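Student: Each chain is listed here by its residues.
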Amino acid sequence: MKMIQSRLAFKVPEVKPAVSKEPFRIGKFEVLLDRSKCTACGLCAQVCPTYIGSAIVEYEAFKKPSGILRVTNARAMCEGLVCRKCVESCPTKALTVRINPQYLILGDKRWTADLILSTWEQAESGKPSGRYEYRVGDSGGGFDKIRFDFELEEEVSINEIFEAEDRDTSIVLNRRRDGRPEISIPIPVYSADMSFGSISLRVMVARAIAAKAWNTFTSTGEGGYPNELIPFKDHVITQVATGHFGVNAETVKRARIVCLKYAQGAKPGLGGHLLADKVTPKVAEIREVVPYISLFSPFPFHNVYSVEDHYRHVQLIKDINPKALVSVKVSTPIDVDMVAIGSYYAGANILQVDGGFGGTGAAPDIAKKNIAMPIEYAIPMVHNYLVREGVRDEMVIMASGGIRTAFDVAKIIALGADGAVIGTSELVALGCKRCGNCERGRGCPSGIATTDPALSLLIDPEWGAQRIINMYCSWKKQWNYILSKLGLSSIRELRPKNEVKFRKGRFNHLVHLDHLR
Amino acid sequence: MNTGVNRLNSTFMRYHIETREAQWRFKLPPKFRVKIYNNCVNVQECVQACVYNVHRVGEDGRVAEPVEELCRGCHRCTLSCPKGAICVELNPAFERLGDSYFTPERIENIFFEAETGRVPVSGAGYGGAFSGRGFDSFWFDFSEIVRPTRDGIHGREYISTSVDLGRKPHNLFFDDSGNLVSKVPENIEIPIPIILDAPLSSSSKSNLNLALAKSASILNTFAIVSADDYSDDLSDYGSNLILRIGPNEARKVAGLIKTSPIVELDYADNALDENRITDDLRFVRKVNPAALVSARFLGEDSVTEKSEASVKVGVDMIHLHVEDETVVHDPDVVKRIIRGTHTRLVERGIRDQVSIVFSGGIAEAAHVPKSIILGADAVAIGLAYEIALGCKVCHGSKHEAGCPLKVEEGDVELASQRIVNLVGSWRDQLLEVLGGMGLREVRRLRGELGRAIFFEELEMKIFGDEDDSE
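Heads up: the sequence lines are chains A and B, in that order.
Numbering of the first sequence is given in my numbering, commencing with residue 1 and proceeding in unit increments.
Numbering of the second sequence is given in my numbering, commencing with residue 1 and proceeding in unit increments.
Quick caveat, the hints were computed from the structure, so don't treat them as lab data.
Predicted model, so just to flag it, every value in this text is computed and none were measured.
Keep in mind that a hint or two might mislead.
Label pairs and their computed distance ranges (CB to CB) [what the hints assert, rightly or not]:
no.	chain 1	residue 1	chain 2	residue 2	range
1	B	Asp-465	A	Arg-388	17 to 23 Å
2	A	Arg-492	B	Trp-24	38 to 44 Å
3	A	Ser-54	B	Arg-118	47 to 53 Å
4	B	Trp-24	A	Lys-253	25 to 31 Å
5	A	Leu-488	B	Asp-465	23 to 29 Å
6	B	Gly-61	A	Thr-92	16 to 22 Å
Virtual Cβ for every residue (Gly too), placed ideally from N, Cα, C.
Please model the complete structure; the sequences and the hints are all you need to start from.
Tutor: See below:
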């Protein structure tokens, strides 16, 4: 009853344009103009009024008698090699169309340039343009080889997605009936733990505003609870991690959910590491340490070496805050199912399983690539085990680590999770380009994963929040569409009731392309 | 037992590799090219935007040529230029480095490790392929909650990376009064599971061998040197050298055998011939009874049979080698060779009577623990240190300007420091992995397939049909 009320009270936030503040944008194609051949006849601008016609080539640059100019346009995109009208119309052959070399270096196999660009589009306007792939990456396995069966049957059109009627995408974060609140969130995601230190305070605030607007949660991460987040306390998870930075009874009592972080998918078995450069006086104050000294969080909790210790650890939090839900964040060893059942008996409400391809502010490359298994394997293992033990319906399983798109979220739910925890996608919405330089020197050159006071000014919290809100608006539409395609009324029905078992590459509306027979 | 630590110093010291910045005489081509097109009208937004100082204002007050080596590919300048004048692209010269296995990124990492001795660290999640072949087809398992991890990298707990070379008896015999009557064979303990293979390329071998011997002595491990390449300058490092002798060479180099702690009989080019191994072994034992004897086999062809036979006739070590070029074309060969040989010897109950050293396709730090998980005791690195010294991975095909891998006489010190740095960085990464797995010594990792998560198995278990996986 209480749940229904809260759902009625919630109003889906509005999409408001939040365009990039950068004057230039990366497109897939671009036009080069050879000034020594150009006679300024203007034919190209006539055949292509949207792109070349409204391009910004400075008069001063055009006055130069020779050299190659890039024809750039902050608003429209070049249609590329299929069009070439400008090239063909040019009487002096001064124009060439090419794939933008910057598009080629953007992103990586998991986060392709297309995924980054389409996430930016969704953050700006609440809708992907369809120009770029917005569902899968190019890693050659896992999500990138899994499709919903309807995707194989016909093209998914953006218009159809945005016309799909509203479906129930809410999930409940406590199913234990342990007297603690049954918190419901209207979308099956909340936002991941990132500390002040790994990201800037302004980014944390942006994420908190977005979490409040979507009536979901964000997390403090391991870097303490900055006062700036107190206005959003109903939407902020307090994380208790091995370093215990800024963790005290007050911050544990403040939260509706407390997360015990045992491991992180990107560097499981290793502790946290914040390099000295990023420990500015403000970071140091909140973490109660000395500035500009590298900070290590040990691995693991040295008070938890057994399931019994784990039980006491969970109970400790529950005793301090009788109303909070306890979330346990673990990574994915081969026996992750055992860990899951242990956490169930320890009394956890939420189990967050963080897969090996998860994000990090800094980790040795050897760990990121080689330790722990991907989330696509871990979730079915955990789900199946809990089903067999007969306790699946009491645990909430949140998947994280390598979940990039609305379709990834839906796929992981169809593989046995209740919902997902989103980190990197939110940062990409804010303008992250996945360049991987978060850890060095002043930190992120885009002002996201930085503690540098000047760089962090690049992100305005209100603007950033709107971009994250817009991204989730777009995701929400995509979930509506998937559910309507599958004939389901609620995203909770997408989670399998029984064990995950693929037959001939198919299971629960999913198709694995490598195993399809 | 002749331990690595004791050979260095009579009192106990924690093993530590001293790394030092060591700039090689050339650099790799920068990864990115930063081009400024004619659109530039000198608004200098890029100078403001770049946090890596790629863009600067020149003396003439205009935007100067970008410093490409400093570029990290963050796209900041390109996005903040109001005229769209800046284009950052992948440098084709960088892309051309190496091949599909020794990728430009791997070469870049090796260069960084050799230069600084540090562990490559970066932000954001892993961006590579979901899985791959060979060493890339499995992940490490790690400790969680109920299995304590070990903190090796920050020095709070000591994790041993020592391994033993040599045979261990299957069982011990005691007389009635409890005295040991078995003769326990000599083992040699090396403090890292990495030895330096003999150089592959032919250019300026003598200096390279000297640099290798020097590094081996600093690291307290071994460098393999061919009897043909043996020169007098190496005699100072004799206790850190493994003497490799080719077919029918043994009798010609009896003098060298006498002073070598380990002798490697190279059967790379030959079919299995137990009599010959027996003969050679008998000869080496006669000349130098204390030396360990290793048999080296090349490639996959009947390697398990050869290994089994040579253990039975009494060799102390097996060196399994596969050409790097073979691994490039068939990365899974490493799994078949190491796992196949290890499993065969375990099944025959003779695995502990020999140490297995593996070489070939070792291109990054993770390949050391991965070889060990598959069943090797130690690895020998070859191409990796050659890359650190300028090899461009041509696999024997000639460069127009000659092999770029040259260790000039004056460079020996620097070259050995780079090798030491590389091994130091790899050891630190080994410690990270062991710590994460909760292991206190690398010996326990050998053949521990339970500490590996294999892609094929998981993929079938989760996404395959049940009938197929059984």
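Student: If you check the beta carbons of Asp-465/B and Arg-388/A, does the distance land in 17 to 23 Å?
Tutor: holds, 19 Å
Student: Taking 16 to 22 Å as the stated bounds, is the beta-carbon spacing between Gly-61/B and Thr-92/A within them?
Tutor: Violated: the Cβ-Cβ distance is about 34 Å, outside 16 to 22 Å.
Student: Could you see if the CB distance from Ser-54/A to Arg-118/B stays within 47 to 53 Å?
Tutor: holds, 49 Å
Student: Could you tell me whether the CB distance from Leu-488/A to Asp-465/B stays inside 23 to 29 Å?
Tutor: holds, 25 Å
Student: The hint says 25 to 31 Å between Trp-24/B and Lys-253/A; measuring C-beta to C-beta, is that right?
Tutor: With Cβ atoms ~57 Å apart, the hint is violated.
Student: Does the beta carbon distance between Arg-492/A and Trp-24/B stay inside 38 to 44 Å, or does it fall outside?
Tutor: violated, 59 Å
Consistency with the previously given hints fails for numbers 2, 4, 6, ordered from lowest to highest.
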